[in-house]
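Student: So the chains spell out like this:
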Amino acid sequence: MNWVIDLIGGPQTVIAIAKVLIVFASLLVLMILVVWAERRILADMQARIGPNRWGPFGLLQTLADGIKLITKEDFRPQLADRWTYAAAPVIAAVASFLAFAVVPFGDEVTIAGHRIDFILSDLNIGLLFFLAAGSIGVYGVALAGWSSGSKYPLLGAVRASAQMISYEIALGLSLIPIVLVSGSLSTKAIVAAQAGSVQNVTFFDGIPVLESISRYFEYVPNWYIWSQWPAFLIFLIAGIAETNRAPFDLPEAESELVAGYMTEYGGAKFLMFFLGEYLHIVTVSAMAVTLFFGGWNGPAPDFLGWVWPLAWFLFKTGLFVYLFVWLRATLPRLRYDRLMWLGWKRLIPASLLWIAVTAVVNIDNAQLSRNWKLGAFGVMFAVVMVWVGKGDPRLRSAVSPQRRLDGTT
Amino acid sequence: MNADVVREVFFWGVGAIMVIAALRVVTTQNVVHAALYLVGTLMGAAALYVLLLAEFVAWAQVLIYVGAVVVLMLFGLMLTRAPIGKANYDNSQRPLAAVVAAVLFGVMSWILIDAFSGTELELAGENAPRTQDIGAVIFSSYVWPFEIVSVLLLAALIGAVMIARRDEPEADKEVGS
Chain A
1 MNWVIDLIGG
11 PQTVIAIAKV
21 LIVFASLLVL
31 MILVVWAERR
41 ILADMQARIG
51 PNRWGPFGLL
61 QTLADGIKLI
71 TKEDFRPQLA
81 DRWTYAAAPV
91 IAAVASFLAF
101 AVVPFGDEVT
111 IAGHRIDFIL
121 SDLNIGLLFF
131 LAAGSIGVYG
141 VALAGWSSGS
151 KYPLLGAVRA
161 SAQMISYEIA
171 LGLSLIPIVL
181 VSGSLSTKAI
191 VAAQAGSVQN
201 VTFFDGIPVL
211 ESISRYFEYV
221 PNWYIWSQWP
231 AFLIFLIAGI
241 AETNRAPFDL
251 PEAESELVAG
261 YMTEYGGAKF
271 LMFFLGEYLH
281 IVTVSAMAVT
291 LFFGGWNGPA
301 PDFLGWVWPL
311 AWFLFKTGLF
321 VYLFVWLRAT
331 LPRLRYDRLM
341 WLGWKRLIPA
351 SLLWIAVTAV
361 VNIDNAQLSR
371 NWKLGAFGVM
381 FAVVMVWVGK
391 GDPRLRSAVS
401 PQRRLDGTT
Chain B
1001 MNADVVREVF
1011 FWGVGAIMVI
1021 AALRVVTTQN
1031 VVHAALYLVG
1041 TLMGAAALYV
1051 LLLAEFVAWA
1061 QVLIYVGAVV
1071 VLMLFGLMLT
1081 RAPIGKANYD
1091 NSQRPLAAVV
1101 AAVLFGVMSW
1111 ILIDAFSGTE
1121 LELAGENAPR
1131 TQDIGAVIFS
1141 SYVWPFEIVS
1151 VLLLAALIGA
1161 VMIARRDEPE
1171 ADKEVGS
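Sequence order for the protein chains is A and B. When the letters of the first sequence are read in order and numbered with this note's numbering, they come out as residues 1 to 409. When the letters of the second sequence are read in order and numbered with this note's numbering, they come out as residues 1001 to 1177.
Simulated from the structure, these hints should not be mistaken for lab results. Heads up, a few of these hints could be off.
[Claimed, not checked] Here are the simulated SDA-like pairs of lysine to any residue, each with C-alpha atoms no more than 25 Å apart in a straight line:
{"#": "1", "chain 1": "A", "residue 1": "19", "chain 2": "A", "residue 2": "32"}
{"#": "2", "chain 1": "B", "residue 1": "1086", "chain 2": "A", "residue 2": "83"}
{"#": "3", "chain 1": "A", "residue 1": "345", "chain 2": "B", "residue 2": "1157"}
Assemble the whole structure, with the sequences as input and the hints as a guide.
Tutor: Okay, structure coming up:
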């Protein structure tokens, strides 16, 4: 046995391979749960029952659907571009899996003298990797639409690539303030920087009531969300747009484009797109937790050492997945020109402004009041944004610009 | 296994893939396939950067070239024309293009060999460039090239918007809404 381990590069290689396999399998199981949860939550919000027949609470419904999809006929449109058509769903799924490589999902554990980090790869440029993996995901959508040889998929793909490129900029810019504050691109270091609680708040000293309240801040976790909430809002909006979820699900708008870029897909290939989309939701949720909500940090009793961080991570990520479903149940789809207006004219300027604010505040190295200064700047920033966000008068009417041009209202 | 041997095998493997992909970019008869082969070449370059322990440059390469530039090319192709199947994109400038490519290849090779021939780079883990170092160098020693490039890109951006912009007709002013 030992010579096999040595041949493939020692125990560290074995650990790495084992971690990848375990995480991959866990993510697939998690996918089944997420799809089930979405159907049940949506049903609940719409006063329906939802899947409840197959297994307890209908838990096995997704599994049954998956098996059904895999055993379906594997067809291909006659006009399709053969290899690209087959590769597109794989690219979409793989890109979503890739991004999870830099998500720290727990603390470290020592087994038989070997230290095991609960992160697949602690790259020192983790955030850059996250963005790069997300940008590869565009290929799955764009190529699927083009290679289907059909008009609705092509229209969906053009919409999708324009949307994803636009919101990728805002997504990338919303990460920069976090890098400025934490001084690192490594996700592991960013989580480590959010450990513990808010300490030594001197900002309210001398103010009668607030001073006594500020004692309790030591029970507040030291998360970046307190000082970086504008970045979080931008990240969340851009993240939802990146995953093509409602209210930004224009690429697959069923009332206009049948099913957008995946119209011509069925069976196992459709399953890959489905998998990719739900995995993307989990990855964006996990990234939001990692960057703004302390990652796996949380109160941990002494027993069950490594389980607590993992449980906290899963719990927080689950809340975000719930938020994604909630938004889908609540918000109507945006009109395309409003989507582009929001991305280019609001989110990008807002994130640039916030980078400037964070950079200016961060020049001063006084550690103590930094969070509070950022909070105060946040209020100023909100005032500016309300003023800026009054909206484009051309978008205010319910009539689309094209119909207004035609004068057929 | 010896790390140097692994590195060598990896280098030549990636190099072969890059050359084949680059050749297919110009010989394939489908524009979208050409763009995809270009992705293969660019990803190969990123893999070589990783081999040189330049992780930041590698992923920046993926993010910018694969994630933005080629996606924009694909986007442009889809908006204009990108038929499925074979198409002939040759024209009378083919010999001229061959001459330009050969000259460029010769000049680039000569410069690279002239400048770096026989240079050995230390790639110990300690000396691997950190993102912080790259940032510090860009905004100190190379700040002028950086600023000039950014102004150039901004000018190109505004130029593209001005060319693409259609002067909005009078009808746009709130017809009966």
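Student: Looking back at the numbered hints, which does the structure fail to meet, lowest number first?
Tutor: none
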